[in-house]
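Peer 1: Here are the chains, one letter per residue:
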Amino acid sequence: MVAAENRLLVETINLTKRYGDFTAVDSLNLKVEKGTVFGLLGPNGAGKTTTILMLLGLTEPSEGQAFVAGYEVTRNPLAVKSFTGYLPDNVGFYEELTGRENLRYTARLNGFSGPEAEDKIATALAKVGLSENADKKVGAYSRGMKQRLGIADVLVKDPQLIIMDEPTLAIDPEGVQELLGIIKNLAKRDGKTILISSHLLHQIQEICDEVGIFVKGKLMAVGPIKELGKQLLQGKPLEIEISAQPDGERLLDLCQGINEVQSARKDGDLTVLQCTKDIRETLSKFLVENGFSLQYINLRGVSLDSIYHKYFQGEVQ
Amino acid sequence: MVEEKKYAAIIQGARKVFQANTGLSAVVLKELADYLRGKRFLILSLIVGLTCFAALYTAAVTIRSTVGRDELEFVFLRLFTTSGASLPFSFISFIAFFGPLVGVILGFDAINGERDRGTLSRLLSQPIYRDALINGKFLAGVIVIAIVIYSLGLLVGGLGLILIGIPPTIEELLRIFAYLTLSVIYISFWLSLSMFFSVVFRQTSTSALAGIAVWLFLAVFAALLAGMVAEAVYPVHDTSDINRILAQTKLQQNLSRFSPTTLYDEAVTTLLNPSIRTLGPIMIEQIIGAIKGPISFGQSLLLIWPHVVGLIAAALLCFAAAYISFMRQEIRA
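Here the protein sequences come in this chain order: X and U. Residue 0 is where the first sequence starts when you use numbering that gives the first Met the number 0, and the numbers rise one by one after that. Residue 0 is where the second sequence starts when you use numbering that gives the first Met the number 0, and the numbers rise one by one after that.
Take these hints with a grain of salt, some might be off.
What the hints assert, rightly or not - Calculated pairs, DSBU-like style, for lysine-lysine (alpha carbon to alpha carbon, straight line, at most 35 Å): (1) X:183 / X:33; (2) U:38 / U:4; (3) U:291 / X:136; (4) X:135 / U:38; (5) X:183 / X:217; (6) X:225 / X:30.
No lab work stands behind these hints: they were computed from the structure.
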């Protein structure tokens with residue numbers, strides 16, 4: 000039990016935030032294990048930023064508790080903030096100062112000064128590839144560079160936990176790739192725990208070990224991306240779409256004869272089977288044995304993207 | 000052994016205090032550096048410095064031409080209070096005029112400026128208490144104001160010494176020092192007021208405008224308003240009705256004393272003009288038999304002590320309002 004708790008770096012218990020009648024975050028139970036990259040996915044206004052601010056003690060929860068590395072956030076905000084790095088969305092810097100000077104201020108706020116601070120700053124800048132531009136004024140930085148400086152700013156305090164709010168927003172694709180590379184290195188090489196919030200699934204899915212889908216202040220599903228589809232589909236009919244030659248009535252009849260298939264229908268060029276479980280493997284063998292050549296087979300709706308869309312469309316309506 | 004333990008405890012305690020204040024000292028140092036290197040500060044000190052030297056020069060010329068005729072008492076103080084024909088403003092009226100502006104300009108974007116730049120949430124996610132930011136900014140502002148006011152006062156005093164050639168007495172020095180300190184407090188009031196606006200308003204232009212509006216109101220309209228109200232409450236129909244006239248004057252004065260501007264003006268006049276014995280209305284029968292002459296520094300100070308307390312209270316009140324609203328504010332952009 001103790002061991003299990005030690006593995007958890009972030010834990011929230013029924014964390015709730017209300018603004019008047021509006022519930023921004025609703026009884027959130029979030030668990031992030033040490034050393035993982037956790038993606039908090041959700042549309043704008045889902046309560047992601049509010050959750051993050053509560054994790055940092057920058058907003059008081061209306062109910063519930065948040066723990067970071069075993070510290071209750073509202074009681075030990077300073078301890079939590081000393082080992083948690085936060086990269087806000089639209090991170091800003093003092094434009095009239097250089098990148099290095101900006102980081103120096105952060106270092107001072109963390110109680111580092113002198114050569115110790117300079118060392119930390121130089122290491123952080125090198126990690127994000129900004130060493131050459133460190134002494135330019137931030138006003139001359141591009142957006143992607145500012146975002147990387149933001150990561151360096153977070154790294155100055157050498158945090159255990161890094162929280163990034165929409166880090167890839169409004170950056171060009173190349174900048175996004177660069178940023179993701181840096182984040183991946185932080186997780187794999189330096190063993191940092193990273194919590195990323197985003198509404199751009201495609202950009203962050205490759206670096207996340209685990210994601211949580213967050214809609215209207217509620218966590219709809221949590222897990223590794225692969226398992227997430229299954230979790231979300233529970234209780235919903237499983238549909239397999241196939242296309243096989245020769246196409247025709249015989250295919251439909253044959254499919255309806257399979258035990259696990261509840262019904263079969265034509266949908267354009269595809270034949271759609273409602274099944275009780277995923278029978279793709281046996282189905283393909285079965286069809287080939289019966290003289291069909293299988294051209295296409297897919298488990299419908301299990302791609303996370305489509306589920307994600309479904310939830311988000313529900314949100315919009 | 001016991002001694003050693005005691006020392007260890009003291010050192011540890013000191014370390015704790017130091018750690019709790021690393022945030023504060025870092026903020027103060029950063030803000031000081033920002034102010035002193037910034038163009039805003041340069042422009043402000045140029046304006047204030049130039050006008051004050053002009054006032055000093057006029058005063059010196061006027062004093063030199065009149066010094067033979069008038070009595071010779073407190074000549075040095077007159078450097079600060081005398082205006083001339085070519086420039087109808089004295090050093091103190093310039094400070095009274097530009098001081099609030101300096102305070103407003105130093106503080107109007109303290110918090111919403113950070114919010115605008117997106118640095119606020121980044122700063123507050125560092126291991127510092129939230130109040131370290133606003134305390135540090137206020138402290139840095141007060142330090143800057145003190146640097147400007149004291150150095151200006153000393154410069155003017157030094158140049159005045161060269162121009163008129165009469166050294167100040169100890170009492171004059173004390174009065175000037177008290178005056179400069181009072182000015183720092185007064186400008187700090189404006190700093191805390193504009194910092195309050197910077198917390199309440201999201202736009203820096205709005206908070207700057209609000210600060211300037213309050214300044215204009217207190218400097219120009221407050222006295223006017225006080226007069227109107229007093230006249231409405233105690234209308235004087237008969238000019239021989241002395242009680243009514245007195246009541247009206249007193250009400251007007253007390254009303255206008257709600258304005259820190261009035262408090263400051265009265266206090267400054269009393270400090271730098273030792274012949275002022277009272278600030279309220281005075282009857283002729285009260286003067287009869289009184290020996291004309293200046294009062295001592297202690298007496299002047301006693302006369303304006305309520306003013307000083309009022310000014311400090313006003314500054315602290317504004318800062319407390321800024322502090323509380325900042326501590327309760329949502330941080331998200």
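Peer 1: Hint by hint, note whether the structure agrees.
Peer 2: Cross-check of the supplied hints:
no. : hint          : in the structure
1   : X:183 / X:33  : 15 Å, holds
2   : U:38 / U:4    : 51 Å, violated
3   : U:291 / X:136 : 65 Å, violated
4   : X:135 / U:38  : 19 Å, holds
5   : X:183 / X:217 : 27 Å, holds
6   : X:225 / X:30  : 18 Å, holds
When each numbered hint is compared with the structure, violations occur for hints 2 and 3.
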